[in-house]
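**Q** Counting from 1, position 194 in the sequence shown corresponds to residue 203 in this note's numbering; the numbering is continuous, with no gaps.
One or more hints might be untrue.
[What the hints assert, rightly or not] Have a look at the derived ranges for each label pair, beta carbon to beta carbon:
1) 179 / 227: 23 to 29 Å
2) 179 / 89: 24 to 30 Å
3) 303 / 228: 20 to 26 Å
4) 307 / 206: 29 to 35 Å
[What the hints assert, rightly or not] Straight-line Cα separation of at most 20 Å, EDC-like style, residue types lysine to aspartate or glutamate; simulated pairs:
5) 124 / 78
6) 124 / 180
7) 124 / 84
8) 124 / 81
9) 124 / 161
10) 124 / 189
11) 40 / 156
In short, the hints are calculated from the structure, not lab data. Glycine included, C-beta positions come from ideal geometry on N, C-alpha and C.
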Amino acid sequence: MPGMAKHLLCVGHIALDLIFSVSEFPDHPTKTPAHRHHRGVGGMSGNAAVALARLGAQVDFCGPVGDDDTADVFERVLRREGVGIGALRRIRGASSSVSSIIVDQHGERMIFNAKGSALDLPGPFDSSALDGIDFVLVDPRCPAWAEAALLEARRRGIPSMLDGELSPRADLQRLVPLADWRVFSERGLLAWQDGEPEALLLQLAAQDRSRRVVRTLGAQGVQWCDAQGRLQQMPAVDAGPVVDTLGAGDVFHAALALALAEGQNEGDALRFASAAAALKCSRPDGIAGAPTRAEIHALLAGMDGPAWPGNGKEKECQPRV
Numbered sequence: 010m011p012g013m014a015k016h017l018l019c020v021g022h023i024a025l026d027l028i029f030s031v032s033e034f035p036d037h038p039t040k041t042p043a044h045r046h047h048r049g050v051g052g053m054s055g056n057a058a059v060a061l062a063r064l065g066a067q068v069d070f071c072g073p074v075g076d077d078d079t080a081d082v083f084e085r086v087l088r089r090e091g092v093g094i095g096a097l098r099r100i101r102g103a104s105s106s107v108s109s110i111i112v113d114q115h116g117e118r119m120i121f122n123a124k125g126s127a128l129d130l131p132g133p134f135d136s137s138a139l140d141g142i143d144f145v146l147v148d149p150r151c152p153a154w155a156e157a158a159l160l161e162a163r164r165r166g167i168p169s170m171l172d173g174e175l176s177p178r179a180d181l182q183r184l185v186p187l188a189d190w191r192v193f194s195e196r197g198l199l200a201w202q203d204g205e206p207e208a209l210l211l212q213l214a215a216q217d218r219s220r221r222v223v224r225t226l227g228a229q230g231v232q233w234c235d236a237q238g239r240l241q242q243m244p245a246v247d248a249g250p251v252v253d254t255l256g257a258g259d260v261f262h263a264a265l266a267l268a269l270a271e272g273q274n275e276g277d278a279l280r281f282a283s284a285a286a287a288l289k290c291s292r293p294d295g296i297a298g299a300p301t302r303a304e305i306h307a308l309l310a311g312m313d314g315p316a317w318p319g320n321g322k323e324k325e326c327q328p329r330v
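Construct the entire structure; sequences and hints are all you get.
**A** Structural data, given as structure tokens:
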């Protein structure tokens with residue numbers, strides 16, 4: 010892309026992921042051999058920050074972590090990936106988040122997370138983290154900081170996105186009205202409110218047509234409401250066999266946020282994000298499999314009638330009525 014790289018801020022959760030690949034999930038208590046093991050950064054905002062750096066963005070991570078050896082790993086990995094850590098805050102006496110993750114041969118995963126105490130003891134949010142920022146992406150794991158970041162982004166006129174993953178209902182209902190883009194997982198939408206999913210999307214879109222609501226559907230693609238309040242659906246991008254879905258949603262959010270920050274129209278931006286997530290699913294080891302921009306462009310360029318950044322084409326989407 011011409012010009013300076015966009016500067017994004019990821020606010021929320023980072024975890025140490027211990028990933029074990031197995032043939033099948035056990036159906037009873039047993040010892041199960043893992044044929045692969047990986048240790049790396051995880052968590053929604055931690056993953057998104059790494060994904061953005063891989064895509065060539067300037068990106069900072071902002072979140073509370075423990076004052077422990079795990080936080081040392083966070084700092085080392087984020088620096089290596091090119092992520093700014095000036096807004097990462099170590100909380101004295103607190104512990105960091107750690108996850109053990111089991112991935113089977115079909116790419117499905119089970120996550121066992123020890124949240125740690127830092128997310129519940131964050132202290133006040135430092136609004137200077139938004140200085141020079143073009144786009145803010147938050148997750149709901151540290152709702153106090155997410156709320157403060159979204160309010161400050163709105164005050165400054167900075168576009169924002171909420172990763173609407175499965176979370177306590179009170180947290181989602183607190184945050185959803187504050188973001189310009191509300192991007193839900195299938196389970197996250199129903200965690201926000203009970204109801205029929207497509208009706209919920211239309212209901213939320215009708216409240217403010219200037220903001221967008223999206224629901225990711227995994228292998229079935231993505232749904233969203235356009236500026237006219239119409240429900241649209243786009244099929245998933247095929248990047249080959251699914252190896253590991255861990256972090257795919259976070260890659261989707263990161264790529265979508267960057268595409269929007271760069272001024273892509275919503276159809277192209279969603280297609281770009283879908284391709285990024287598909288490529289991630291084709292690779293092991295969680296966010297270590299996040300793609301580069303060149304890899305996304307190559308995938309979309311090889312598709313029939315592609316809509317990818319820079320080709321000036323509108324991707325035809327199917328309205329749902």
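**Q** Now, for every hint given, state plainly whether the structure supports it.
**A** Now the hints, each set against the structure:
1. 179 / 227: 23 to 29 Å: Holds: the Cβ-Cβ distance is about 26 Å, inside 23 to 29 Å.
2. 179 / 89: 24 to 30 Å: 37 Å, violated
3. 303 / 228: 20 to 26 Å: 25 Å, holds
4. 307 / 206: 29 to 35 Å: 33 Å, holds
5. 124 / 78: 15 Å, holds
6. 124 / 180: Roughly 16 Å between the alpha carbons, so the hint for residue 124 and residue 180 holds.
7. 124 / 84: 18 Å, holds
8. 124 / 81: Holds, at about 17 Å.
9. 124 / 161: 26 Å, violated
10. 124 / 189: 28 Å, violated
11. 40 / 156: 43 Å, violated
Checked against the numbered hints above, the structure violates hints 2, 9, 10, 11; every other hint is satisfied.
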